[in-house]
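The listed protein sequences correspond, in order, to chains A and B.
Take 0 as the starting number for the first sequence in numbering that gives the first Met the number 0 and just add one per residue.
Take 0 as the starting number for the second sequence in numbering that gives the first Met the number 0 and just add one per residue.
No lab work stands behind these hints, which were simulated from the structure alone.
Treat the hints with care, as some may be off.
The calculated DSS-like cross-link candidates involving lysine-lysine, where the alpha carbons are at most 25 Å apart (straight line), are [what the hints assert, rightly or not]:
| # | chain 1 | residue 1 | chain 2 | residue 2 |
| --- | --- | --- | --- | --- |
| 1 | B | Lys214 | B | Lys432 |
| 2 | B | Lys412 | A | Lys9 |
| 3 | B | Lys2 | A | Lys105 |
| 4 | A | Lys86 | B | Lys18 |
| 5 | B | Lys214 | A | Lys151 |
| 6 | A | Lys208 | A | Lys27 |
Some but not every residue of chain B turned toward chain A, in silico, with C-beta under 7 Å [claimed, not checked]:
| # | residue |
| --- | --- |
| 7 | Arg204 |
| 8 | Ile205 |
| 9 | Glu207 |
| 10 | Ile210 |
Glycine is no exception: its CB is placed at the ideal position from the N, C-alpha and C atoms.
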Amino acid sequence: MSLLEVQNLKKYYATQKAVDDVSFSVNKGSIFGLLGPNGAGKTTLIRMITGIFYPDEGHIIFDGKRFDPVNDVVKIGYMPEERGLYKKMKIGEQAVYLAQLKGLSKNDAMTKIKEWFIKFEMQSWWVKKVEDLSKGMSQKLQFVTTVLHEPKLIILDEPFSGLDPVNSNLIKDEIYKMAQSGSTIIFSTHRMEQVEEICDHIILLNKGKKILDGSVKGVKHQFKENLFSIGFEERPAGLNGNPPFEMVGTKDHSYIVKIRDGHKPNDVLSYFLQQDARIISFNEMLPSLNDIFIKLVEGTPLTRQFQETTA
Amino acid sequence: MNKIWLVIKREYLTRVRNKTFLLSTFLFPIVIVAFIIGSVFLAMKSRNKSTIAVINDPGFLQKNLESDSSFLIFEFPKDVNSSNYEAKGYAGLLKVNPDTAAKKYVIESKKSLGIETMNYIENQVEKAIEYNMLQEKNIERKLLDSISNASKEAAKVTNELETGKEANNRLPYIIGFGCGIIIYITMFVFGAMVMRGVMEEKTSRIAEVIISSVKPFQLMMGKILGIAAVGLTQMMLWIILLLVLVNIIPLFVSSETLEQFQQIQEAQQQLPGGSNNTVALEMLKATDTFKTEVNWGIVITCFLFYFLGGYLFYASLFAAVGSVVNEDPQEAQSLMLPIMMPIVFGFIILSTSIENPDSPMAFWGSIIPFTSPIVMMGRIAKGVPEVVPWWQLFLSMAMLILGFVFTTWFAGKIYRTGILLYGKKPSWKEMIKWIRRS
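Looking at chain B on its own, in the form it has when it is part of the complex (with noise of 0.2 Å):
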């Protein structure tokens, strides 16, 4: 015991101390943060301060148009035509033709003037218009928007129906599914680690110096738990990384610009391709909602042991194929094909349960320890107990426990025998004679 804890301790520390690890440690929080802040200013950039000027205006729209402050501002001057817009300051011109059916209203203008503001002042004649016309039959603004207020209430009692929470489904699907990318990503980062440990060990020629004092199997294990400390390591100070940074954007951040980034949003969301930037306006108005939406306690401690049992479940395999390659990288690529197929296969199954959280596809996924911690994490986001029952989170962590266990166990013989053999490397045929043979 001992003496795997000496291993332990030097695969550790000797990848803690290397300065890839302190850089990609703070440098990955920072971009991230950075890409999210970077893409919400491009949002807010795009949104440059305009004024349209209205002529010809039939009566009904200096009542009926609203401006937005920030954003459009409609004027009614009267000496502005066609040739002078651009000299008075205005961005564009809105021209009234009461005369003809097909083309009543017409934007004018020399640049561009951008989807989402074409949009808004779309928006806006519509809404107009749609008040004039109310007015016109006598219905009053007031009733109208109450009316809606009510089908807007009641459409919320059948959300709660169904999933028994507030319709804001976005977020638990981000965490969901971010939670599933970070653990495919770094299942392949660190077994990919502890293979290159395990061929550099053999390449180098120090594993028989080592086997001749410590057996190969705590050899293993203490180099797949260095590294998994490693990345537990990684992981908690990202988690606290992220957690510092998200209640510092606040700070800078005020809550005014909060309410216009949720504007955008959905400006964007009535255009057909405009979501490019929700995820970002979402994760930074998640910042409001954070503690509320999302069972952070039960996330957060499935996200490490997920991250955890997926590893190790993985980490030996990846130990067993890098004990029988030699120098060639390109040996090594045959062997890990079959392990990299679950993996893969388990980030396509998370990408369509993330959907359907309750579908047979999503729950054997979550269940059978090769997709598990990708599929499971999900899920989770979703909520525990509503989407996953306790028993089927139970029953997953066993398994992946047992599968661990059997996984290790497996790869532990592979290993024993390809760690001192030199020269060809094995078929599948021999490597299964050495599973039997011991």
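Okay, chain A solo, but in the shape it has when bound (with noise of 0.2 Å):
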């Protein structure tokens, strides 16, 4: 079931189309990634998402019914890209606005916070101010912020950036926690490899348009390129008759090979069985979403020239 619809949505600034025609949909207690170079219009669809932008067309259903910006915002926890504090405020009523913000009592938000930050080992951080904090302590701080009010959709805009491994991997531990839990999060990111660690289900936006969308899996077998990797005892000197691959280079004690169409990886073993080469080792080569992601975007300009919109 989908908690989050996206139909058609368009917005259009005067200079360029931010985002064109996107839909997609993400299920309830998923973790969802919303991929694209800079300037291909992630800010701007998560904007329309939380509520900050009026979509020009197309329609947001949130939890079943048509998204409600006045009262669906306290169910949505949005931590952007750009993101800051009251640097003058202390840290605890700081918190504690934040959370009444969204619609918690005085009280509750006391107490959440206390266990978040037993959580998160900041409870000596109560009466600091923020401009004490270093920017990794800020972050924890503001990813606190963004999840106490246990919202039902979590939008984390890079999360990680400027956490060093064991902060990034206190935060990853919890997002999962929260997605088994039935929160749903979408997380945007262009780093790659923390996409694939995380994610169930990716979308691919560039240019303000969707040029991707499906499983991580399902993805990388789309963009496979019948890649295999083989690792030998030892290499064989040479390949006799009709192999059914292509070489593509060889590492260390391995072949990678491509195979060609119409034959099975069976074929590729049968093959070297045949030559009674001694394999320790046969994979698939799936293509990282790296790849797939420059594959995509490449040969597109980077970053997004001006055109002029009739909107």
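Build the complex: two chains, separate frames, hints provided.
In structure tokens form, the structure reads like this:
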């Protein structure tokens, strides 16, 4: 069942089509990756989902109903890429204030903040000011204030930028836990290795248009080039006869081969078995999301050209 | 609505709890009162008591020269001359040379006697001569006094026909000008506070975090109203503090000294450049005439209304400027210019209309909301409804309310887009587009 459904969303600015007819749906409890190069329209898309912008055209269905920016924003937690806090305000007060803006009562906010502060070992921060915190520390605080009100939909824009590996893992674990307990997470980034690790489903935006939509596994299979790596105890000296593959490269004791059309991986194995080669490993080489991303986005200018729109 | 309230509360509390707020609130009135008292004491101190010896009196001087026991005493000793008057404790020597026509009365003094003292001596000598001449012609002094008093009375009648009030125009003048200046200054101070607040939210990148739970308009209005509450709190505290101080001063300053101030003032008014202390003196004297000369109920009510109205009219514009600029404060300056111009213009109109509260310039200046908060205060102190008819007051207030509804609507549109826009400062053309688009 989908928590969020985006239908033919459009947002045109004076000089460009920021989001151009984008549709997708996000399943409840999933971790959804929203990918795209800089200026692809991710932020504009997120701002429409969070009710900051009104779409020019299209609909957003949230939790089975038409998205209502005034009442539904309390069910969303949004951590923007450009984020910050009031520098002169005490951390505890600030967290309470942000929680109250999300509809929590003061007492509820206090209890929950304290729980989170204990979880993240931030108890001693309460009376400190934000200007005393390091970037990583304020990032953690930022994350706490985003998820404090237990939103149904959590949108994180580059949540790990500026975090060290320890704190990254801390937050990553929390993201998993929240997804397991039923929250839906939209995760926007251009760090592909994180997406591969975390996300169930991804879409890729480029120039305001959706150019890819699928599960991480599905996408990888969609873009696979039938490449396999075969490891040998000792690499065979040469290839005889008519192999069912093309050699792509060699690496230490292994070959990287591309299977010819009409052949199966088993054909490769039986070929080498006939050659009496001693095989120790056989893996399919799936493209990384990074490769797919670059392949799809490359060729288009990295930053978008400004084009006049007729909106 | 609940969210606006949260924003207002935060804006208010973070500012009121700030040390600079407490400092400026309590120090400002104390500094002003200290300044007034200080300048009065300086005026007092410059009036050293001194004694002048008069020699070669032709006869009428001793009879007609009036001494002022607290200021200047004339004595007529026998054995004093140019060489020994100082040793005998006289500050100066007034010599009469009966033979020469040009320099008949000469003052000798080693140290400078001061303009005021010289002025007093000149006046007294002139009076003495005048009385002497009158006596020679057999005109009694009493008769002359009664004639001059009668003519003064007559002059008062003409004043009454003109303004409907007794001729103490200086107090309303000062009140009106003072209120106008305070509104002028506070519009800048609190307007800039709004602008800095918005810039802080934008540069610290918290704007988008807040905007994801609060509408931009709510955030803007929350900030504006929160700072308005700060401003009102400060104004109220100032008014209370000033009223307390004004009521305390007469306890320390006796009515005799107040009379003295009056004399100083009269003496100073006769001098061409001698009005430097009159404002301070007037303020002190005002403690006596406080309730009678000015309609305080109307002045204070209007002051608070125009302070709030003027602030609200401009605050959203300041907020809009804050929303479109980035870290660089220089960018803000060029955008603030069109906002500051009408405020400064209002101040210029105030200074001319305070003399002519009925001129067309004063009228239009006090109706058009760009300048009315400043200009109208200058006119109101002169009297409602004598100088400012009720319909003008209500028209001006209504225009101001309409005005701030419009500027808030207008600025809200720029703010909404600007607050989320990073990078280059948008051009005027782009901003106009934002307003048109939605």
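Checked hints:
1. B:Lys214 with B:Lys432: holds, 21 Å
2. B:Lys412 with A:Lys9: Satisfied, since the Cα-Cα distance of roughly 21 Å is no more than 25 Å.
3. B:Lys2 with A:Lys105: Within the cut-off at roughly 13 Å; holds.
4. A:Lys86 with B:Lys18: Given that 25 Å is the threshold and the Cα spacing comes to 17 Å, the pair holds.
5. B:Lys214 with A:Lys151: Holds - the C-alpha atoms of lysine 151 of chain A and lysine 214 of chain B are around 20 Å apart, at most 25 Å.
6. A:Lys208 with A:Lys27: Answer holds: lysine 208 of chain A to lysine 27 of chain A is near 24 Å, not above 25 Å.
7. Arg204: holds, 3 Å
8. Ile205: holds, 4 Å
9. Glu207: OK, holds: glutamate 207 of chain B within 7 Å of chain A, min 4 Å.
10. Ile210: It holds, given that the least Cβ distance between isoleucine 210 of chain B and chain A is near 5 Å, below 7 Å.
Hint check: no violations occur; every hint is consistent with the structure.
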